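These protein sequence lines map, in sequence, to chains A and B. Everything in the first sequence is counted per numbering that gives the first Met the number 0, starting at 0 for the first residue and increasing by one. Everything in the second sequence is counted per numbering that gives the first Met the number 0, starting at 0 for the first residue and increasing by one.
What the hints contain is simulated information worked out from the structure, not anything from laboratory work. Small disclaimer: the values here were computed from a predicted structure and weren't measured. Idealized CB from N, CA, C, for every residue including glycine. Any given hint could turn out to be false.
Computed list of lysine to any residue pairs in SDA-like fashion (alpha-carbon distance at most 20 Å, straight line) [said to hold, decoys possible]:
| # | chain 1 | residue 1 | chain 2 | residue 2 |
| --- | --- | --- | --- | --- |
| 1 | A | Lys37 | A | Val68 |
| 2 | A | Lys30 | B | Ile61 |
| 3 | A | Lys73 | A | Lys223 |
| 4 | A | Lys73 | A | Glu33 |
| 5 | A | Lys150 | A | Tyr118 |
| 6 | A | Lys28 | B | Val39 |
| 7 | A | Lys126 | A | Asp101 |
| 8 | A | Lys73 | B | Ile61 |
| 9 | A | Lys73 | B | Arg29 |
| 10 | A | Lys37 | B | Ile61 |
| 11 | A | Lys73 | B | Gly28 |
| 12 | A | Lys223 | A | Gly168 |
| 13 | A | Lys73 | A | Leu117 |
| 14 | A | Lys16 | A | Gly135 |
| 15 | A | Lys73 | A | Glu45 |
Sample of chain B residues facing chain A (criterion: CB under 7 Å; computed from the structure) [as the list claims (entries may be wrong)]:
| # | residue |
| --- | --- |
| 16 | Pro8 |
| 17 | Gly28 |
| 18 | Arg29 |
| 19 | Ser42 |
| 20 | Gly52 |
| 21 | Ile54 |
| 22 | Ile55 |
| 23 | Ile57 |
| 24 | Ala60 |
| 25 | Ile61 |
| 26 | Gly63 |
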Amino acid sequence: MSELTNSMAEKLLIGGKAYSSRLLVGTGKYKDLEETGKAIEASGAEIVTVAIRRTNIGQNKDEPSLLDVISPDKYTILPNTAGCYDVNSAIRTCQLARELLDGHTLVKLEVLGDQKTLYPDITATLKAAEILIADGFEVMVYTTDDPVMAKRFEEMGCIAVMPLAAPIGSGLGIRNPYNIRTIVENAKVPILVDAGVGTASDATIAMELGCDGVLMNTAIAEAKNPALMASAMKKAIEAGREAYLAGRMPRRAYASATSPIDGQFF
Amino acid sequence: MHIQLNGNPLSIDNILTIQDLLDDLNLSGRLAVEVNHQIVPRSLFQSHILNSGDIIEIVHAIGGG
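Just chain A, same shape as in the assembly (with noise of 0.2 Å):
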């Protein structure tokens, strides 16, 4: 970030911590765990998403695991409840995801609706919402541009509101971006635009609109070079929060002409 701008007011508070990168990312569809590395240490993000799934019965014990390689120590873990279509199997994910790192309550709650779309179900998501928070949990939650129900969410005391700019994994980018402006004016929790980004002027446009983050993982996963990309979209959410605390010039219809038009000698 610029030293133009107030480099403390500049942090991402999630959950009491403050955080310099605003972009967060995950940690699914890599090839391998050295390349997962790679793209998350280019990405410079501090916030790192898993999913909590059933062990390997008889893997190689000295076989490395995700969290070898993307510490506690170094990232906020950020576990989530991908795949789950149901509130009791959310809870139980976040329940096990506490267990599973020492009683850490920061959870991405998503549960979902639709296989094909994997569209949130909102109804569901607002009761494991409402268990979750009561549960003791920082819920960032994983909504539709819905800019009534985004407010419902801040409402009931989730951290963060998460909204989808597209389907997840779609790589449309931002497909409802005055849906996505009024739900960042009416906030007073941080929103992020999760799912749906494809390449780097998507997330420099989410940043843009007003958002405080981009949570993405396919769109650097699935680039022919996930380290580089990460590396691009690192930029274009520094260009996009830069672009948006700078306030952007009024558009015109017409031109303006930008060299003076007194002292014209022809």
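Knowing the structure of chain A, use the given hints to seat chain B on it.
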């Protein structure tokens, strides 16, 4: 004794506690364990006695978005 482990039936012998089971399966590191849908804290792995018919889930963190 017969248990259900991560969705599959398993027959185990000479295993008393969760820690015995983890040792037998060669599992270590960051894990969380559920027995019959109840989380068993890591501090109780050595003392929690397994019973025939137990439904056990052993999970860990993997890549996800």
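The hints, checked one at a time:
no.	hint	verdict
1	A:Lys37 to A:Val68	holds (10 Å)
2	A:Lys30 to B:Ile61	holds (13 Å)
3	A:Lys73 to A:Lys223	violated (27 Å)
4	A:Lys73 to A:Glu33	holds (16 Å)
5	A:Lys150 to A:Tyr118	holds (18 Å)
6	A:Lys28 to B:Val39	violated (30 Å)
7	A:Lys126 to A:Asp101	violated (25 Å)
8	A:Lys73 to B:Ile61	holds (17 Å)
9	A:Lys73 to B:Arg29	holds (16 Å)
10	A:Lys37 to B:Ile61	holds (16 Å)
11	A:Lys73 to B:Gly28	holds (17 Å)
12	A:Lys223 to A:Gly168	holds (15 Å)
13	A:Lys73 to A:Leu117	violated (31 Å)
14	A:Lys16 to A:Gly135	holds (17 Å)
15	A:Lys73 to A:Glu45	holds (8 Å)
16	Pro8	violated (12 Å)
17	Gly28	holds (6 Å)
18	Arg29	holds (5 Å)
19	Ser42	violated (10 Å)
20	Gly52	violated (18 Å)
21	Ile54	violated (12 Å)
22	Ile55	violated (10 Å)
23	Ile57	holds (5 Å)
24	Ala60	holds (4 Å)
25	Ile61	holds (5 Å)
26	Gly63	holds (3 Å)
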